[in-house]
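Whenever a hint applies, use it, and build me the whole structure from the sequences.
For the protein sequence lines, the chains are A and B, in the order given. Under numbering that gives the first Met the number 0, the first sequence has 80 at position 81, and the numbering climbs by one with no breaks. Under numbering that gives the first Met the number 0, the second sequence has 179 at position 180, and the numbering climbs by one with no breaks.
Note that these hints are calculated values from the structure, not bench results. If you're wondering where the values come from, they're calculated on a predicted model, not measured in any experiment. Every residue gets a Cβ at the ideal spot worked out from N, C-alpha and C, and that includes glycine. Each hint should be verified, as a subset may be incorrect.
[Said to hold, decoys possible] Derived DEER-like restraints, expressed as beta-carbon distance ranges:
| hint | chain 1 | residue 1 | chain 2 | residue 2 | range |
| --- | --- | --- | --- | --- | --- |
| 1 | B | Glu-267 | A | Gln-235 | 26 to 32 Å |
| 2 | B | Gly-274 | A | Ala-212 | 35 to 41 Å |
| 3 | B | Arg-118 | A | Asp-234 | 50 to 56 Å |
[Claimed, not checked] Which chain B residues stay away from chain A? Per the calculated CB distances, all over 12 Å, these:
| hint | residue |
| --- | --- |
| 4 | Glu-20 |
| 5 | Glu-23 |
| 6 | Ser-40 |
| 7 | Gln-43 |
| 8 | Glu-51 |
| 9 | Val-52 |
| 10 | Gly-64 |
| 11 | Gly-75 |
| 12 | Arg-87 |
| 13 | Ala-162 |
| 14 | Asp-182 |
| 15 | Pro-276 |
| 16 | His-317 |
There are 2 protein chains.
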Amino acid sequence: MTGYKVAVVGATGAVGTKMIEMLEQSTLPIAEVKLLASARSAGQTRKVNGVEVVIEELVPDSFTGVDIALFSAGGGISKQFAPEAVKRGAVVVDNTSAFRMTDGVPLVVPEVNREALKRHKGIIANPNCSTIQMMVALEPIRKAAGLKRIIVSTYQAVSGAGAKAMEELKRETLAYLDGTPKDQLNPEILPCGGDKKHYPIAFNALPQIDVFADEDYTYEEWKMINETHKIMEDDQINVAATCVRVPVFSGHSESVYIETEQELTVAEIKDLLAGAPGVVLEDDPSQQIYPQALNAVGKKETFVGRIRRDLHVKNGYHLWIVSDNLLKGAAWNSVQIAETLHEMQLVGVK
Amino acid sequence: MTGYKVAVVGATGAVGTKMIEMLEQSTLPIAEVKLLASARSAGQTRKVNGVEVVIEELVPDSFTGVDIALFSAGGGISKQFAPEAVKRGAVVVDNTSAFRMTDGVPLVVPEVNREALKRHKGIIANPNCSTIQMMVALEPIRKAAGLKRIIVSTYQAVSGAGAKAMEELKRETLAYLDGTPKDQLNPEILPCGGDKKHYPIAFNALPQIDVFADEDYTYEEWKMINETHKIMEDDQINVAATCVRVPVFSGHSESVYIETEQELTVAEIKDLLAGAPGVVLEDDPSQQIYPQALNAVGKKETFVGRIRRDLHVKNGYHLWIVSDNLLKGAAWNSVQIAETLHEMQLVGVK
Numbered sequence: 000m001t002g003y004k005v006a007v008v009g010a011t012g013a014v015g016t017k018m019i020e021m022l023e024q025s026t027l028p029i030a031e032v033k034l035l036a037s038a039r040s041a042g043q044t045r046k047v048n049g050v051e052v053v054i055e056e057l058v059p060d061s062f063t064g065v066d067i068a069l070f071s072a073g074g075g076i077s078k079q080f081a082p083e084a085v086k087r088g089a090v091v092v093d094n095t096s097a098f099r100m101t102d103g104v105p106l107v108v109p110e111v112n113r114e115a116l117k118r119h120k121g122i123i124a125n126p127n128c129s130t131i132q133m134m135v136a137l138e139p140i141r142k143a144a145g146l147k148r149i150i151v152s153t154y155q156a157v158s159g160a161g162a163k164a165m166e167e168l169k170r171e172t173l174a175y176l177d178g179t180p181k182d183q184l185n186p187e188i189l190p191c192g193g194d195k196k197h198y199p200i201a202f203n204a205l206p207q208i209d210v211f212a213d214e215d216y217t218y219e220e221w222k223m224i225n226e227t228h229k230i231m232e233d234d235q236i237n238v239a240a241t242c243v244r245v246p247v248f249s250g251h252s253e254s255v256y257i258e259t260e261q262e263l264t265v266a267e268i269k270d271l272l273a274g275a276p277g278v279v280l281e282d283d284p285s286q287q288i289y290p291q292a293l294n295a296v297g298k299k300e301t302f303v304g305r306i307r308r309d310l311h312v313k314n315g316y317h318l319w320i321v322s323d324n325l326l327k328g329a330a331w332n333s334v335q336i337a338e339t340l341h342e343m344q345l346v347g348v349k
Numbered sequence: 000m001t002g003y004k005v006a007v008v009g010a011t012g013a014v015g016t017k018m019i020e021m022l023e024q025s026t027l028p029i030a031e032v033k034l035l036a037s038a039r040s041a042g043q044t045r046k047v048n049g050v051e052v053v054i055e056e057l058v059p060d061s062f063t064g065v066d067i068a069l070f071s072a073g074g075g076i077s078k079q080f081a082p083e084a085v086k087r088g089a090v091v092v093d094n095t096s097a098f099r100m101t102d103g104v105p106l107v108v109p110e111v112n113r114e115a116l117k118r119h120k121g122i123i124a125n126p127n128c129s130t131i132q133m134m135v136a137l138e139p140i141r142k143a144a145g146l147k148r149i150i151v152s153t154y155q156a157v158s159g160a161g162a163k164a165m166e167e168l169k170r171e172t173l174a175y176l177d178g179t180p181k182d183q184l185n186p187e188i189l190p191c192g193g194d195k196k197h198y199p200i201a202f203n204a205l206p207q208i209d210v211f212a213d214e215d216y217t218y219e220e221w222k223m224i225n226e227t228h229k230i231m232e233d234d235q236i237n238v239a240a241t242c243v244r245v246p247v248f249s250g251h252s253e254s255v256y257i258e259t260e261q262e263l264t265v266a267e268i269k270d271l272l273a274g275a276p277g278v279v280l281e282d283d284p285s286q287q288i289y290p291q292a293l294n295a296v297g298k299k300e301t302f303v304g305r306i307r308r309d310l311h312v313k314n315g316y317h318l319w320i321v322s323d324n325l326l327k328g329a330a331w332n333s334v335q336i337a338e339t340l341h342e343m344q345l346v347g348v349k
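This is the structure we're talking about:
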């Protein structure tokens, strides 16, 4: 069988699991899928296209003969092992934040800036989940009318914090409904596994994703600002972000307010989005049609609705943008980058 | 016992129940609490200050001898019965949207515009829950530096849709965790009891509160715009709103972006809010301190945190504003209006 040898690093995680599914559905010619994880998970098996594949422990030589390596095992693992993969001739698509803002590393949403792939030197970064879906929805508007500013508030699902955070939501929810007081829900992961304090997510909204950084913005908020500038190749877009975790298992929603350079009618924005790659327009208030997280789960597209003009400010518009954060926000965008590398002949079978 | 005879209309509802609690805690001199509801609930009893009170059927003559009537039984009931109460000499504090935008009816958040009470002609309107908490938090900033614009995205709790919506969230949540597919959750109330279609709220986010109206804004969004103008007595503030229901039982959260007329430092905003009536500043990123819906439940204050300056736009600021929508957003604000009427000698015992 001819085709690529593809490695998935972090094969047992929430995103890694979805990467396997996306590879199964992919048009990429694949000869072999290699599953890599920590020593703890090595020896377990996962089905890939109906065949049991044994998970191997991740070591530098895991990448010998690998053409494409998809990483989603945390930034530390990427920093350590992505260069090892490149050294052995693999092209890395990294879903962590390790290399996203590194000069010379393309940060790619295929619908938006596939041309940036031409400049890759072995590593391509997959953007942050909340940024990707916003880029897919806003790029058609930016191209048509320019973007002056973005003010976004997110409603992010717990699957973005991994499989254990999903278990935490389930556990806390059942305990709360069983009468456990909120102070005895014993949160251990959210809002952020790496931070000092943990709070319940069940029936709550937590305005913290990732740890706090400069100017009292969280890293997640910084990612939305910096990655937007890099992907759209325009530092002049004013991006303001507030990132919030809500008790949803999967599917990120975003309330996005924009101001464009040129005026558009709402009908024109709807037309632009209806014809845009990767976008599904779901916008009919008369029929109560608008995107919903529950409906987006399992789908690769970005759903956009609630499109309205600002009643007072010229060139101001609202959009409600929803996508499956594990798919377009992570696994699917990574596999789609691999497919695009293949299409553009930027990766070859060794 | 001297004091007011206070009627609660809609005594069995989610807000009516809290109105009774707030009256129990109130400094208002109360001689008697009269509980009114539909014929269906008449004859049931509720404890008020430890004494069983029989719920009576609401009829026009229910208000004979009543000094203060708190209404929260839907706009239709208010339209029909508030004038009957006024005719019989009662002062009405109405928690529905029936009279909020009516000329001559004060729309009051005591921390913001108590002086408007002086103009009352029998009916005082209690603003919409999502508007009230935003007004409490923004008024100190408006007074100090002027407000040019507000862009708000809400994270609203289901208790705002009533006690049955809370039961719906619980039922759907348990069914979903028990493996019921999302298409078989049988939603009957949310997003809006009076609308055609219903969607699951469990583990979802619904960008519809109340029915759709002009310009594809929902009524909830229109309320935030129009009520802000009326309460702050300034039509020139540009308000843009997106209202979203999230799977939280009680406690509305709001991601609020503002632009002020004059520049303020973040420290100045924090100082203003720390000293403002009805506000609790909860803002220390180094200790992961920020307002949370779960923590606000049962409290009368409005909690504000995540205060940050816009990194690109002068005079632009973010705030995260949380309050118990059944208390400050409804029952407590109504009882607080009654207390203020008493303090200002705008209501008398008959």
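Hint by hint, here is what the structure shows:
1. About 28 Å separates the C-beta atoms of B:Glu-267 and A:Gln-235, a value consistent with the hinted range of 26 to 32 Å.
2. At roughly 29 Å, the beta-carbon separation of B:Gly-274 and A:Ala-212 lies outside the given 35 to 41 Å, and the hint is violated.
3. B:Arg-118 and A:Asp-234 have their C-beta atoms about 51 Å apart, which keeps the hinted 50 to 56 Å range intact.
4. Listed as a non-interface residue, B:Glu-20 keeps its Cβ farther than 12 Å from every Cβ of chain A; the least gap is roughly 19 Å.
5. With a least CB separation of 22 Å from chain A, B:Glu-23 remains clear of the 12 Å interface cut-off, as annotated.
6. Under the 12 Å C-beta cut-off, the non-interface status given to B:Ser-40 relative to chain A holds; the minimum distance is some 26 Å.
7. Non-interface status of B:Gln-43 relative to chain A is upheld: no Cβ of that chain comes within 12 Å, the nearest being about 25 Å off.
8. The non-interface label for B:Glu-51 is consistent with chain A: the shortest C-beta to C-beta separation is roughly 26 Å, beyond 12 Å.
9. Non-interface call for B:Val-52 relative to chain A: holds, since the shortest CB-CB distance, roughly 28 Å, exceeds 12 Å.
10. For B:Gly-64, the condition that its CB be more than 12 Å from all CB atoms of chain A holds, with the nearest at approximately 42 Å.
11. At roughly 22 Å from the closest C-beta of chain A, the C-beta of B:Gly-75 stays outside 12 Å, upholding its exclusion from the interface.
12. Distance check for B:Arg-87 against chain A: the nearest CB is about 40 Å away, which clears 12 Å, and the non-interface claim stands.
13. With a minimum CB-CB distance of about 16 Å to chain A, B:Ala-162 clears the 12 Å threshold, and the non-interface call stands.
14. Not every Cβ of chain A is farther than 12 Å from the Cβ of B:Asp-182; the closest lies at roughly 9 Å, contradicting the non-interface assignment.
15. Every CB of chain A lies more than 12 Å from the CB of B:Pro-276, the least distance being 24 Å, so the non-interface label holds.
16. With a closest Cβ-Cβ approach of about 6 Å to chain A, B:His-317 is found to fall inside the 12 Å limit, against its non-interface label.
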